[in-house]
Each structure stands twice: as structure tokens, then as C-alpha cells.
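Peer 1: Take these sequences, add in the hints, and give me the full structure.
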Amino acid sequence: MQHDTLVEIEDVVFGYGDRPVLKGINLTARRGQVIAIMGSSGCGKTTLLRLIGGQIRPGEGHVRVAGESLGELDQAGLYRLRRKMGMLFQFGALFTDMTVFDNVAFQLREHTDLPEDAIRDLVLMKLHAVGLRGAAHLMPAELSGGMARRVALARAIALEPMLMMYDEPFAGLDPISLGVTGNLIRRLTDTLGLTSVVVTHDVQESLKIVDYVYFVSEGMIVAEGTADEIRASDLPYVHQFVHGEPDGPVPFHYPAPPYAEDLQLGGASA
Amino acid sequence: MNKTVLDLWVGLFVIAGIVALLFLALKVGSMSAVKTSSSYEVVARFDNIGGLKPRAPVKSAGVVVGRVADIRFDNETYEAAVTLRLDKRYAFPKDTSAAIMTSGLLGEQYIGLEAGGDPQALKDQDRIFLTQSAVVLENLIGHFIYGKAQEGAPQ
Amino acid sequence: MLKQSIENLGNRTIQGVWRIGFAARFFVAVLLHSGTAFRRFGLTIREMYFTGVLSLIIILVSGLFVGMVLGLQGYETLQTYGSEEALGVLVALSLVRELGPVVAALLFASRAGSAITAEIGLMKATEQLSAMEMMAVDPIARVVAPRFWAGVISMPLLAALFSAMGIFGGYLVGVQLIGVDEGAFWSQMKSAVDFEEDILNGVIKSVVFGIAITTIALFEGYDAPPTAEGVSGATTRTVVTSSLAVLALDFVLTAFMFRGLG
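Chains as they are written, first to last, in my numbering: chain A, 1 to 270; chain B, 271 to 425; chain C, 426 to 687.
Don't read these hints as lab results, they were simulated from the structure.
Just so it is clear, CB atoms sit at the ideal spot from N, CA and C, and this is done for glycine as well.
What you were told as hints is all true, and nothing was included just to trick you.
Straight line, CA to CA, 27 Å or less: simulated DSS-like cross-link-like pairs of lysine-lysine: (1) B:Lys297 with C:Lys615; (2) B:Lys329 with B:Lys297; (3) C:Lys615 with B:Lys323; (4) B:Lys329 with B:Lys358; (5) B:Lys323 with B:Lys358; (6) B:Lys329 with B:Lys364; (7) C:Lys615 with B:Lys358; (8) B:Lys364 with B:Lys393; (9) B:Lys393 with B:Lys323; (10) B:Lys358 with B:Lys297; (11) B:Lys393 with B:Lys358; (12) B:Lys329 with C:Lys615.
Now the stretches of chain B that chain C is said to cover, found in silico as 3 or more residues with beta-carbon under 8 Å: (13) 279-285; (14) 290-299; (15) 324-334.
Peer 2: Structure, rendered in C-alpha cells:
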């Protein structure tokens with residue numbers, strides 16, 4: 001294993017009940033990189049993220065973060081490792097009963113013995129980094145979707161993690177918030193020396209900021225490469241995805257019996 | 271919600287709850303917990319206790335001086351052994367008598383103590399020898415009818 | 426047809442037993458992770474505000490009315506036997522032994538229990554619990570346990586307030602309105618109500634109800650499917666299940682506690 005590898009996923013197989021979701025995935029993220037995991041909705045991207053965060057354990061294979069295999073850690077070990085991880089949930093997942101300030105201060109209060117004025121300074125610094133220092137006293141319900149996600153980002157980096165995970169950071173944002181969020185991910189990765197794993201289906205926005213892309217389809221990695229390689233790729237699946245074509249290797253129709261048969265046009269069965 | 275306001279409300283709530291508990295304990299109920307520390311027990315045997323129940327009051331001159339702690343059946347003498355728990359403040363002579371009485375015609379049954387003249391007082395685990403059983407209504411009616419029948423019978 | 430319904434019954438039974446098993450494990454997990462709820466008692470106090478203080482109004486008003494009704498009805502019945510002075514005994518014993526713990530628990534289940542389920546269910550649906558886990562904070566210790574202990578502490582206090590308020594209501598109607606002798610009302614009550622047998626047992630009952638209601642409410646919330654229907658269904662189930670649990674537990678506890686008095 002290379003020294004600068006932070007996340008390593010090796011031959012991971014996972015399924016919910018009888019339904020297989022991941023069928024042998026290999027993936028690595030190096031320190032300081034932004035990598036993206038792309039694919040259509042429901043292809044197992046979020047499951048992959050939950051595996052890295054240790055919220056679920058792989059059926060087969062290994063998930064290693066900073067050299068530690070998540071499948072073998074007990075709860076205490078997992079929690080120790082998670083202090084070095086941050087995760088941005090799709091809709092922010094801010095604690096609705098706390099102010100923006102208390103949300104960002106949450107981890108500092110839970111995991112450190114810092115005095116309240118030191119916490120105050122740290123929280124305001126993090127909020128300043130996402131441009132929302134002025135919103136510290138607001139409740140999450142008073143924020144727009146984009147702002148909530150930026151607050152959640154500030155909360156996730158409060159303890160200066162080494163790994164940041166983003167679950168659909170671009171979903172449902174207006175074009176301005178989109179650009180702001182993309183820039184933030186890149187800037188935070190560079191300035192804090194993070195490693196970022198972005199799960200998304202927003203190709204154009206993410207290709208601007210990522211170092212390396214993995215394409216997931218039906219539980220397998222179907223393509224990988226740098227942003228430029230992906231743009232230039234002529235693999236049918238990637239081409240369809242990058243250019244947003246309605247039909248192609250990913251069919252428009254969910255698998256079904258022949259249309260005529262379903263409508264009983266044959267008349268034979270009636 | 272301000273933290274101090276919240277704390278204040280919860281504090282008031284807890285105080286109100288404890289006051290309610292104290293009200294129930296002191297004003298509504300009688301603290302029977304006290305009796306273990308300042309009471310003594312004596313045993314009285316009865317042929318028949320009627321409908322006497324544990325915790326029934328023990329009265330002397332109409333004043334409650336204790337409660338029935340326990341009722342057992344003695345299989346050797348075929349008597350009921352009733353343990354009375356009396357308040358330490360009240361001392362009774364050794365030859366005190368106990369009777370099972372009924373408050374009113376259908377009211378609850380209690381034990382009445384009638385003090386004797388012995389200079390020595392009853393001590394813990396002593397026995398009251400003079401007892402008078404409960405008056406069982408059916409027996410009373412039976413006696414009455416029997417007596418009437420005898421009266422009316424030709425000599 | 427018959428086979429189908431027997432299969433249905435079997436399926437439901439198996440699922441029910443599964444859920445009871447999960448709930449039991451959940452309960453043990455809450456107990457094991459209760460350290461935080463006491464080390465940082467502020468968290469528990471905060472929840473006591475939401476479960477206890479906010480239930481005060483409904484508890485006090487209901488207690489007053491239940492007591493007043495007991496006063497009226499009890500007087501009507503007792504008058505027939507010419508023993509109106511026993512009104513105090515009747516009101517106090519019914520409240521302290523049964524109505525106080527049970528009615529307060531039923532009100533608590535619908536007022537605080539449903540709120541707990543909805544809150545926890547929504548926190549789960551909006552991934553707040555997952556977010557907490559990812560921040561290396563155990564949601565059982567940080568979110569669930571303080572609510573559990575807040576409920577367990579609040580319940581007996583609420584039941585005592587309900588009973589006290591009810592006795593006051595009975596006093597208002599019986600003594601002030603109808604004119605039962607005040608001295609007899611209180612003294613008969615005092616001589617008939619025993620601290621250990623009646624009041625302490627009532628408190629024990631309400632503690633058990635508090636444990637049952639908060640456990641059910643928290644479990645339903647924690648177990649709710651993360652959707653709008655999921656949370657609303659869980660909230661309904663909390664009220665139904667915990668009300669039934671309170672009544673069933675009341676029967677069991679009463680049978681144990683007052684068996685020796687018959």
C-alpha cells in the first residue's frame with residue numbers, strides 16, 4: 001500500500017438483503033485529491049460513501065481508511081477514526097433544534113474541552129470560511145438550501161478532518177450556489193490539506209474541480225480517469241452520462257415485459 | 271429558548287412535583303413508615319376474628335393507638351393469632367383486654383383495647399390473654415331464633 | 426383461504442416478536458449508554474422542559490376536573506349509604522392508587538410520547554442521527570438517553586401533581602360546594618390512605634409507566650421509516666401501543682401490589 005493513499009476500497013461486495021448493490025468495487029483516494037464517484041441515481045454511490053464512513057460493513061472485501069480496516073474496528077475504534085472524517089449530507093442534516101452557531105460548535109463541545117471563548121473564535125472562523133459568519137444566530141429553518149449546506153460544511157470541517165465526504169453536494173442548488181459550493185470544496189481541500197470524496201451525478205460541475213473520477217454502474221466501476229480523460233472518453237456509458245443523452249446503454253425503460261403483452265393487445269390471455 | 275429560563279421552569283416543575291408528593295404523603299396519607307421506629311408489637315389470640323383485616327385500626331377509648339400488623343391461623347390451637355402494632359407513646363397494663371368491634375352496624379371492624387389494673391406494662395412481643403371474639407351476625411341471629419323457639423316451646 | 430389467514434397470523438406474530446426483541450435490545454442499549462445523560466445533566470434538564478413542563482397544563486387541568494367529577498359522583502353514591510364523610514377516602518384512594526398514575530400516564534403518552542416519536546423520527550428522516558454518528562457522537566447516548574431519563578423522572582412528578590390537583594378538585598366540590606364536613610373529609614382520608622400501601626405503590630406505578638412510555642416512544646421514533654408516512658405512522662403507534670401498555674401494566678402491578686388486601 002502506498003503511503004499517500006488515504007482511502008482504499010478493495011473488491012468490496014455489498015447488498016441489502018437479497019438485493020446486491022455493489023459487486024466488487026476497487027477504488028483509491030490519495031491524500032490531497034478530490035475524487036468523484038459518479039453514476040446514475042440508485043447505482044450504489046451513497047452506499048459506497050456509507051461504507052467509507054463505516055456506517056455499514058462490507059459483505060466481502062476491505063475498506064481501509066488511513067491504513068485501518070473498517071470491517072475489523074469495534075465501535076470505539078470506529079468513533080476514534082470518525083473524528084478525523086467529515087461528511088456533508090445531501091440536505092445538510094443540520095440539527096434543527098440548535099442555532100447555526102451551536103451546530104458548528106457541536107463537535108468542538110462534544111470532543112474537546114476548549115473554553116467557550118476559544119470555541120466561539122473557532123466557530124466564527126469556520127463560518128467565515130463558508131461565508132456565513134453573519135448567519136451565526138439564525139436557526140436552520142431560516143436558511144436557504146444552499147446556505148444550509150454551507151453551514152453543514154462548516155460543521156463538518158470544525159475538527160479539521162483529514163477526509164471529507166460529500167453526498168450529492170450539488171443536488172437542488174441554483175447556478176450561483178452550485179459554483180460557490182464547487183469552489184468551496186476545491187479551496188477547502190487545498191487549504192486544509194484534506195482529501196475529498198464527492199458522490200454526485202452532476203457531471204459538468206464536478207468535472208471542474210475533481211482530480212480523478214470513478215464511474216459506477218450497476219454495482220461496478222465501469223470507467224475511471226482524470227477529468228480530461230472522462231470528457232474525451234468514448235465509452236458509450238460515459239458518453240451518455242457526460243452529455244446527458246436520454247437513451248443509450250442506460251435504457252429509458254425500467255426492465256418490463258413487452259409493452260403489447262402488458263396491455264393485453266394480443267387478446268390470447270383474455 | 272434561553273437556557274436559564276428553561277432551567278428555571280424545570281426547577282419550578284420539580285419543586286411543584288415534590289410538593290405534591292409531600293402533600294400526598296403528609297396531608298392525604300398517614301406515614302406508616304414511622305411505625306417501625308417507634309412502635310411495639312403484642313399478640314392477641316381470638317377464636318374468631320370475623321372480618322378483621324390487616325391494617326385495621328386498634329383503638330382504646332375510641333382513639334387510634336395502633337394498627338393490626340399481621341393475622342395468622344395457629345394450626346395447633348385452631349385460633350387466630352393477631353399481631354397488633356401499637357404506638358410507643360401509649361403503654362398498657364399487662365392485663366389489658368382486646369375485643370373485636372364493629373364501627374356501626376355494617377362498618378369496618380377494629381380492635382378495641384380496654385385497660386386493666388396491673389402495675390406492669392405490656393412489652394414488645396407480649397401476649398394479651400383476655401380477648402373477646404368478633405360478634406358474627408349469623409350466630410347472633412341463630413341464637414336469637416333459637417331462644418325465641420325455646421320460649422315458644424311447650425314446657 | 427383459511428391457510429392464507431393462518432399464514433398471515435404467523436407472519437404477524439413473527440414480526441411482532443422481532444420488534445419486541447429489537448425494542449428490548451434498544452432498551453438495554455439506552456440503559457448502557459445513560460452515562461452522558463447524568464454526566465451532562467443539562468441535556469436531561471432540557472428534555473425535562475419539553476416532556477415535563479410542557480405537559481403541566483394538561484395534567485393540572487385534567488386532574489382538577491377528574492377530581493371534581495369524582496367528588497360529584499362519589500357524593501351521589503355515598504349519600505345512598507349515608508356515609509358522605511367517606512368522600513375524602515373515595516376521592517383520595519381512587520386518585521392515588523389508580524387514576525393519578527394511569528390517567529396522567531395516558532395524557533403523558535399522547536402529549537409527550539407522540540412528540541418524542543415525531544422528533545426522533547424526523548431527526549432520523551433528515552439524517553441528523555446519521556450526521557451525529559459520522560461526527561463520532563453516539564445518538565443513543567446524546568439524543569435518546571437524556572429523553573428517556575427526562576421522561577422517567579417527569580412521569581411520577583406529573584402523576585403526583587395530577588393526584589394532588591384531583592384531591593383539591595374533590596375537596597372543592599365535596600366540601601365547598603356540597604357541604605361535606607371538612608374535618609371528616611380530611612381525617613377519614615388520612616386514616617384510610619396509607620403511605621406505603623397506597624402512595625408509594627402509586628409512585629412505583631407511575632415510574633414503571635414512565636419507563637414504558639418513553640421506551641416505546643423513543644423506539645418507535647428510532648425505528649420509524651425515514652419518510653413522512655413512516656413518521657406519522659410511528660407517532661400513531663406510539664400513542665396506541667403505550668396506552669395499551671399502560672393499562673395492561675396497571676392490571677399486572679395492581680394484582681401484585683394489592684393482592685394481600687382482599
